[in-house]
Amino acid sequence: TAAVLSALWNVFRESDAELVEINPLFLSRSGEVLAGDGKLILDDNAAWRQDRADAGREYFDSEAAFEAAKEGIPYLQFDGEISLMCAGAGLTTTVYDLVIDEGGTVANYLEFGGPNYRKADKAMELCLKNDSKVILMVTFGTIARADVMAEGIVSAINKLKPDRPIVTCIRGTNEADAVKILEEAGLIPLFNTEEAVRTAVALARGDA
1 TAAVLSALWN
11 VFRESDAELV
21 EINPLFLSRS
31 GEVLAGDGKL
41 ILDDNAAWRQ
51 DRADAGREYF
61 DSEAAFEAAK
71 EGIPYLQFDG
81 EISLMCAGAG
91 LTTTVYDLVI
101 DEGGTVANYL
111 EFGGPNYRKA
121 DKAMELCLKN
131 DSKVILMVTF
141 GTIARADVMA
151 EGIVSAINKL
161 KPDRPIVTCI
171 RGTNEADAVK
181 ILEEAGLIPL
191 FNTEEAVRTA
201 VALARGDA
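Mind the numbering: the sequence shown is residues 1 to 208 in the numbering used here, read in order.
Since the hints were derived computationally from the structure, they do not count as laboratory data.
Incorrect hints may appear among the rest.
What the hints assert, rightly or not - Ranges of calculated distance between the beta carbons of each label pair, as one might list FRET restraints:
#, residue 1, residue 2, range
1, G38, R164, 40 to 50 angstroms
2, R118, P165, 20 to 30 angstroms
3, D163, L40, 39 to 49 angstroms
4, T105, A3, 43 to 53 angstroms
5, N158, L5, 48 to 58 angstroms
6, G103, A35, 40 to 50 angstroms
7, S6, D97, 37 to 47 angstroms
8, D37, S62, 21 to 31 angstroms
9, G38, A176, 49 to 59 angstroms
10, I100, E32, 43 to 53 angstroms
Quick reminder that beta carbons are idealized off the backbone N, C-alpha and C, glycines included.
Go ahead and model the full structure; you've got the sequences and the hints to work with.
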């Protein structure tokens, strides 16, 4: 009915949902509309402007996943050796595949692009919560500037004092400034994603 559709649309808009679904929807003999089942998927990228009740720790597989959810940072934990800190779902998935193709293993999937690009310190803290051997950062900044990402990464390193190697490949807007920032911090920025992946895999194996 029109009332149901209107209510679904309001929920979709007001909760920053990715999906609002009722399936099946029943119409009783008395004319009453009944929801047989429903599904609601919320957009994590909009969590910062929503007053949502926090899910308890018991709903998450790891402390890092719990902390990531509270920050609105997309995060998945695995059992591999290379932590990924990448900008955006597409790039993160691509880097994941490249690591596997190179013979490496992934410790976690983490996006800190989009609205999370200023959360480098929290993103690195999440990566340090697992048993990875290397942190691999690959970003391509357009709206999220490369120099701002680089500043965030250096700040995170100074604050957290990571105990494992960090491989960086930061490209995009203000890239030259980003390179300078990373070099002054003692990092060696790479300019090719495949090279960055090969370097991370070699470090994880102890070959570099």
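Query - Numbers of the earlier hints that this structure fails to satisfy, in rising order - result: none
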